[in-house]
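> Here are the chains, one letter per residue:
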Amino acid sequence: MRLDRLPTLRINPSETCTLHYNGKTSAGVAGDTVATALYANGVRVFGRSLKYHRPRGLYSLDGECSNTCMAVDGIPNVRAENTPAKNGMHIDAQNVQGSADFDWMGFMDKLDWLMPAGFYYRTLHKPACLWPFALKQVRKVAGLGKISPDFKMKGRYAEIYPTADVCVIGGGAAGMSAALAAAEGGLRVILLEARPWLGGSFDYRVSPYDGEKALYQRARELAAQVEAAANIRVFKHAANVGLYNNNLVTAFQVGPEGGAFDERYIEIRAASVVVATGCIERPLLFENNERPGVMQVGCAHRLARTYGLLPGRRAVFSIGHDLGLEAAVDLCDLGMEIACVADIREDGQNPDLLLALAEREIPLLRGWVAAKAYGAKQVKKVTLRTLEGSVKRQLECDLLVASAGRTPLTGPLTLAQARLRFDAHTGYFLPADLPAKMHAAGSLTGRNHPLAIEASGRLAGLKAAADCGANTAEAVAAAAARLSQLPGPERGTKLVMAPVKGRKSFICFDEDTTVKNIKQAIDMGFDVPELIKRFTSAGTGPGQGGIPGHNLPLFAARYQALAGATPVPTTARVPLVPTLLATYAGAHHDMCKRTPLDELQKRDGGVFRRIGVWQRARYFSEDFSCREEVLNVRNNVGMLDGSTLGKFRLHGPDALKALQRVYVGNMVKLTPGKIKYSAMCNEDGCVIDDGVVVKIAENDYYFTTSTVRAGETAEWFRYHTRYDGWDYHIVNFTDALGVINVSGPNARKVLQKVADADLSNEAFPFGGYREFVIQGGIPVRAMRLGFVGELSYELHAPASYMVCLWQILAAAGKEFGIRNFGVEAQNVLRMEKCHIILGVESEQRTNLLDLGLGFLWDRHKTETKTVGTVALRQVEADPARLRLVGIEMDDPRRAPRDGSILVDKRIRGYVCTARRSFTLERSVGMALVEAEMAALGTRLEIYEDECNGQKLAARVVPMPFYDPQGNRMRM
Amino acid sequence: MALTITCPVCGKRNGYEFRYGGEDKGPRPVEEGMTPRSWCDYVHMNACVAGVQKEWWCHKNGCGAWFTIHRNTLTNLEVEGVEVTS
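Each protein sequence line maps, in turn, to chains A and B. Residues 198 to 1168 (this note's numbering) make up the first sequence, in order. Residues -15 to 70 (this note's numbering) make up the second sequence, in order.
Chain A with its partners taken away, still in its complex shape (with noise of 0.2 Å):
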């Protein structure tokens, strides 16, 4: 079956791989994509189109149109032209009623006429109440693949961002040669390239380069060198996808098989650009122009010799290039019947190709092309016409390889903002002007030579050279004067559309937009390629406008000719081919930190939860009411683990000035041994964070902050002070010190064992700090706070100590009892004590003087332009604003949902936080409510989720709820 000795192939025959399709299994071969094994096999309609359920087939094999999108191991709109065929796929067919050969909604294409352009923008809207119903019709009948919800992506998706000096975008003889020529100097160059391999338009094509070789030996020829250079770095199977300001060039790639990624992304750096694309084929505009067995002359021509397979028996070719005829020559010499070729051109063509035409007693009509394709799932027999359509022929066939032209890939130009110009010579838009530092190459520009494209690529690796520094002035003149000399630009073909009305002829495949829906859509007064394509849709599919891309803005400047329309290209945009979002959204590792004694904390039963970047022990044990973890605070003694706080030291000449700069107290009556609690505002007097400061020595302070504010607290510092050119230095400890909590009444008792100072109440009270060694080793600086509202010791030590630090305070508190508790019970003690957490008991419009916090402020200090203070003066007699109140629910064994909302004819407020209270046998909380509800005794209804209109019923009490006289941490 398949030609497999043919010095092109891509494939590796002696390699099978099954795959099932249809109900069927079907054998592929090494090295085949999707379509080519399916198409090996026999099959020719792969899917049915948008709106028509036209059956649709093999065309341009680059997966520029959907016609061969398909339902790959579940993931729909898979271009199988594109994909890799892997052993055990399983294919579908998309938008096909029973099977892509018998599609029940075929009928669908004998009503277009009810379908004109922007019929569902138009009509079905009257009266609003029908849309729904059509909507569901539509979509029924439209689309493309389906997803079913619960289907999970499977595979592994990486993501690099490599820089280089110089990028090239196409790995073509062009794009080769430019990174030849830009790595001689030695500078870093990288090269991408769509396809699997290296080659472009030289890879499959046997007309000879010189004398000697062939194209595709010389393909290989410069591939192997490519590979060679150290200093050039190729991805292969890597589809450009993105051009940026600042040359930033993004790209997918396709994993090989068993590697160690299936799809990455890439972002590449570069100083300079080669864009070196190469140019896709004009899709020829005739009545059912994309009927399964009409395909583009490339299509056909690789199907033979990269692939191995003969596209058809007997063919007839409607071109308008030489790689047709030279298609058409090559074909036949590999067994197919050749009915005829009608090349759209009278003159001009390569007079080698029309001897070696001659030579095979191949018919060439010039000046003819085809204008309508029969047969209801393949096609069977085409018309031929001349140009002004006065003679028109039949002829049977099972492949018309139909081309208008070629027509450049400009998309990574238009990105990049260039401005492109149609250029009547080649028919082709061409780049006008090109941003700084990016260079075009290639057939893109025009040439058509081999040899001309290739010193076009070296001219334009050279310059990118030059635009990284290197001296290639002498080289850039020699490549220049080279190709001077070689054959230029060559005349294109002028010809969009056959001769005929164009009810069937498709501009584009992926949205069913006929030429007659584009005349339609002209008429409606939608003159601009732009809105005509938004109009129509023709170019928003899952091909990205490559099939319409060129035809359109022609065509509708030839509709248009009397208005003297010039054709303008539409807009390209990323992603220039499609991608997966599972590529975009990379491998999403889940990054998170961890404290010195997460495996201690693991170790003892800890169940952990994700709290901003750290993973904390949130609970104990299998209760999450915490009820032992916390009673044993209450009444004995509990370990915490605190490293995740925020630590830093702060010290400089003009310390003190930046610490009075964003902290709303007065750091000027700082005192060594003694923490000061405050609070840090944005400009608009909204509280961002707490802490405490300590001054360790002159100019020299140690302070916390929470566990989310962390990592943005040293940014927050030098931002407020960047004009003032304070000298100071702030050093983020928060990795490199743990922080163990050591609470409850027996605290004393559990750490006097190990630390070799006096801890009495009068050597060290609250509100105290010190720093003392524990066990004669670990130094450890203490602060006696009441966050959780009972005697509490936080030590502060090296990270390295942690495990060490814990295992010294488990084995002391060991005759006392001592146990770990978590966040949780953390959370619930120090919400009996009233003591806030920011971000719990706030949000972003919270003030200082909201949660109550106003104390902390001194109002005094008016030069120092504290951040906050301003807005907080403003808004101080504001009556709108929320206040911070405590509330006790009637039901003493039930609190409401922490965020459940206040309620009476509409919200009034919010819980903070409300916990059941096993100290107090109460339900108590915290709830910013307005202002006016504020009052000690005020009833409040609250609405928590799901709760069926059953409202839970509380009241306004005073704060704090335990120990109101804070004995307890100052015992």
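In case anyone wonders, no lab produced these hints; they're calculated from the structure. Beta carbons are placed, not taken as given, at the ideal position from N, Cα and C, and that holds for glycine. Take these hints with a grain of salt, some might be off.
[Stated by the list, open to error] Straight-line C-alpha distance at most 27 Å; calculated DSSO-like pairs for lysine-lysine:
#  : chain 1 : residue 1 : chain 2 : residue 2
1  : A       : LYS691    : A       : LYS589
2  : A       : LYS790    : B       : LYS38
3  : A       : LYS866    : A       : LYS716
4  : A       : LYS283    : A       : LYS221
5  : A       : LYS589    : B       : LYS44
6  : A       : LYS854    : A       : LYS866
7  : A       : LYS1058   : A       : LYS871
8  : B       : LYS9      : A       : LYS1062
9  : A       : LYS578    : A       : LYS343
10 : A       : LYS716    : A       : LYS589
11 : A       : LYS950    : A       : LYS1011
12 : A       : LYS716    : A       : LYS307
13 : A       : LYS307    : A       : LYS691
14 : A       : LYS1062   : B       : LYS44
15 : A       : LYS1058   : B       : LYS38
16 : A       : LYS1062   : B       : LYS38
17 : A       : LYS854    : B       : LYS(-4)
18 : B       : LYS44     : B       : LYS(-4)
19 : A       : LYS589    : A       : LYS713
20 : A       : LYS333    : A       : LYS349
21 : A       : LYS307    : A       : LYS569
22 : A       : LYS634    : B       : LYS38
23 : A       : LYS1011   : A       : LYS799
24 : A       : LYS333    : A       : LYS323
25 : A       : LYS351    : A       : LYS410
26 : B       : LYS9      : A       : LYS634
27 : B       : LYS9      : B       : LYS44
[What the hints assert, rightly or not] Which chain A residues face chain B? A few, computed with CB under 10 Å, are given here:
#  : residue
28 : THR360
29 : ASN929
30 : ALA1068
Given chain A, put chain B in place with the hints provided.
Okay, now just chain B, sitting in the frame of chain A:
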């Protein structure tokens, strides 16, 4: 991110490494006599220049320094060696 930024300490780096700190509005104003309106304008109102503007950036994933650059808001590119007169 296509933008690159030249950090005075670390050199030219990818824009991902930086945090935007807003337009350069000059040092904190004298607080005396500030009305809520004028304060709000200082904090929240921006000139939104269509062209080259001076602005603050923090090299948050690098040295941590705050510094100013000139950026053309129309091209989203840093403009080196330009002094803005406005």
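> It remains to establish, for every hint, whether it holds in the given structure.
For each hint, the structure was consulted:
| no. | hint | in the structure |
| --- | --- | --- |
| 1 | LYS691(A) x LYS589(A) | 21 Å, holds |
| 2 | LYS790(A) x LYS38(B) | 36 Å, violated |
| 3 | LYS866(A) x LYS716(A) | 82 Å, violated |
| 4 | LYS283(A) x LYS221(A) | 16 Å, holds |
| 5 | LYS589(A) x LYS44(B) | 72 Å, violated |
| 6 | LYS854(A) x LYS866(A) | 13 Å, holds |
| 7 | LYS1058(A) x LYS871(A) | 21 Å, holds |
| 8 | LYS9(B) x LYS1062(A) | 16 Å, holds |
| 9 | LYS578(A) x LYS343(A) | 34 Å, violated |
| 10 | LYS716(A) x LYS589(A) | 25 Å, holds |
| 11 | LYS950(A) x LYS1011(A) | 12 Å, holds |
| 12 | LYS716(A) x LYS307(A) | 19 Å, holds |
| 13 | LYS307(A) x LYS691(A) | 32 Å, violated |
| 14 | LYS1062(A) x LYS44(B) | 25 Å, holds |
| 15 | LYS1058(A) x LYS38(B) | 31 Å, violated |
| 16 | LYS1062(A) x LYS38(B) | 24 Å, holds |
| 17 | LYS854(A) x LYS(-4)(B) | 32 Å, violated |
| 18 | LYS44(B) x LYS(-4)(B) | 14 Å, holds |
| 19 | LYS589(A) x LYS713(A) | 22 Å, holds |
| 20 | LYS333(A) x LYS349(A) | 26 Å, holds |
| 21 | LYS307(A) x LYS569(A) | 17 Å, holds |
| 22 | LYS634(A) x LYS38(B) | 25 Å, holds |
| 23 | LYS1011(A) x LYS799(A) | 19 Å, holds |
| 24 | LYS333(A) x LYS323(A) | 16 Å, holds |
| 25 | LYS351(A) x LYS410(A) | 45 Å, violated |
| 26 | LYS9(B) x LYS634(A) | 34 Å, violated |
| 27 | LYS9(B) x LYS44(B) | 21 Å, holds |
| 28 | THR360 | 9 Å, holds |
| 29 | ASN929 | 9 Å, holds |
| 30 | ALA1068 | 7 Å, holds |
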